[in-house]
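K.L.:
Protein chains in written order, with numbering that gives the first Met the number 0: chain B, 0 to 73; chain F, 0 to 215.
Rather than coming from a laboratory, the hints here were simulated on the basis of the structure.
Backbone N, C-alpha and C fix where the C-beta goes; we use that ideal spot for every residue, glycine too.
Keep in mind that a hint or two might mislead.
[Claimed, not checked] Computed Cβ-Cβ distance ranges for the label pairs, DEER-style:
1) B:L15 with F:V191: 32 to 42 Å
2) F:T71 with B:Q58: 22 to 32 Å
3) B:L57 with F:S131: 37 to 47 Å
[As the list claims (entries may be wrong)] Chain F side only, calculated, beta carbon under 10 Å to chain B, not exhaustive:
4) T6
5) M16
6) S19
7) L24
8) G84
9) S97
10) T104
11) K105
12) P106
13) V128
14) E132
15) R133
16) G135
17) V136
18) M182
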Amino acid sequence: MTEAPEDIAHELRQPLAAILSNAQAACQMLLASRPDLAEIREILEDIIESERRAAGILQRLENLLRQRVAGGSS
Amino acid sequence: MRQLAGTLFIVDDEAEMRRSLTRLLRSAGYTTRAYATATDFLSAHDPAAPGCLILDLALPGMNGLELQQTLTSTGCRRPIIFLSGRSDIPKSVRAMKSGAVNFLTKPVEMHDLIAAVDEALTIDEAERVASSERHGVTERLATLTPRERQVLGHVVSGRINKQIAADLGTAEKTIKVHRSRVMRKMHAGSLVELVKLASLVGIQPAANSHEVGQRH
Chain B
0 MTEAPEDIAH
10 ELRQPLAAIL
20 SNAQAACQML
30 LASRPDLAEI
40 REILEDIIES
50 ERRAAGILQR
60 LENLLRQRVA
70 GGSS
Chain F
0 MRQLAGTLFI
10 VDDEAEMRRS
20 LTRLLRSAGY
30 TTRAYATATD
40 FLSAHDPAAP
50 GCLILDLALP
60 GMNGLELQQT
70 LTSTGCRRPI
80 IFLSGRSDIP
90 KSVRAMKSGA
100 VNFLTKPVEM
110 HDLIAAVDEA
120 LTIDEAERVA
130 SSERHGVTER
140 LATLTPRERQ
150 VLGHVVSGRI
160 NKQIAADLGT
170 AEKTIKVHRS
180 RVMRKMHAGS
190 LVELVKLASL
200 VGIQPAANSH
210 EVGQRH
């Protein structure tokens, strides 16, 4: 199964978008007089999760590009 | 924190997007509801509830543009903010032409999203006010007798009682009575107000007064 680099790049937007919205939500919540720290912790865990997912997608993109370079030179 | 009323209906198939958008918008003071598919949204949808849609373009099953069409075809004018994974120009043009309020590309900056949401809620509210006004005027219009309805058409075209009386073959005094009844029934305080109310329900002044009168 071959993937298009554009599709992988597109897939990367999803975790990046979630990370941005989560981080901005956490910043907003910290402005409250008594922030819900349990929820902020949950947000940080989600950010870590999304970041790992993004790193996995990036790895696939790198592998694909490496294969293409190798395939092109042989 | 928020002055604008209404619920933000989020439709996105990715759980992490639903969660993060919900948190972000709730932290900014909005009320939200999130759905994984267009079908889930439609089955829970109450068109009478104020609010706007934050809609993922590339949903599995019924996609964002199809949901937009479905809503439009049922006469629902709920404002839509599209979120897209990529900057798809042809699709965004199509969405905007079909009445979408905005088209944002993921990742979305908080202040861009909030500006779009506030714009959409303002449009939704204005649309609801206009719609309820139209409804009220339609009800009042229905209380007019056929003759009063006829006089209304002449009055909003700027014709004076004497001309209307001549056109309808009756006494000026009678027209005066009809006119004041029309004003009262339509809850209009002035001619300008009456013209405005009439135009809300599609009664426009005749371009040429002779068309109304058929005097000769």
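K.L.:
Holds or violated: is there a CB of chain B closer than 10 Å to the CB of T6 of chain F?
P.N.:
Violated, because the Cβ-Cβ distance from T6 of chain F to chain B comes to roughly 18 Å (cut-off 10 Å).
K.L.:
Is it true that the C-beta distance of L15 of chain B to V191 of chain F lies inside 32 to 42 Å, as the hint says?
P.N.:
violated (55 Å)
K.L.:
Does the CB of G135 of chain F sit less than 10 Å away from some CB of chain B?
P.N.:
violated (40 Å)
K.L.:
Interface hint check: R133 of chain F, Cβ to nearest Cβ on chain B, cutoff 10 Å. Holds or violated?
P.N.:
violated (38 Å)
K.L.:
Measuring from the C-beta of P106 of chain F to each C-beta in chain B, is the shortest one below 10 Å?
P.N.:
holds (4 Å)
K.L.:
Holds or violated: is the Cβ of V128 of chain F closer than 10 Å to a Cβ in chain B?
P.N.:
Constraint on V128 of chain F not satisfied, violated at 30 Å.
K.L.:
Holds or violated: the hint that L24 of chain F contacts chain B, with Cβ atoms closer than 10 Å.
P.N.:
holds (8 Å)
K.L.:
Does M16 of chain F pass the interface check with chain B, least Cβ-Cβ distance below 10 Å?
P.N.:
holds (6 Å)
K.L.:
Should the interface hint for T104 of chain F be scored as holding, given a Cβ-Cβ cut-off of 10 Å against chain B?
P.N.:
holds (8 Å)
K.L.:
Taking the Cβ atom of T71 of chain F and the Cβ atom of Q58 of chain B, is their distance within the range 22 to 32 Å?
P.N.:
At roughly 42 Å between Cβ atoms, Q58 of chain B and T71 of chain F fall outside 22 to 32 Å, so the hint is violated.
K.L.:
37 to 47 Å was suggested as the range; check whether the CB atoms of L57 of chain B and S131 of chain F agree with it.
P.N.:
Given about 52 Å between the Cβ atoms, the range is violated.
K.L.:
Does the nearest C-beta of chain B fall within a distance shorter than 10 Å of the C-beta of V136 of chain F?
P.N.:
violated (43 Å)
Consistency with the previously given hints fails for numbers 1, 2, 3, 4, 9, 13, 14, 15, 16, 17, 18, ordered from lowest to highest.
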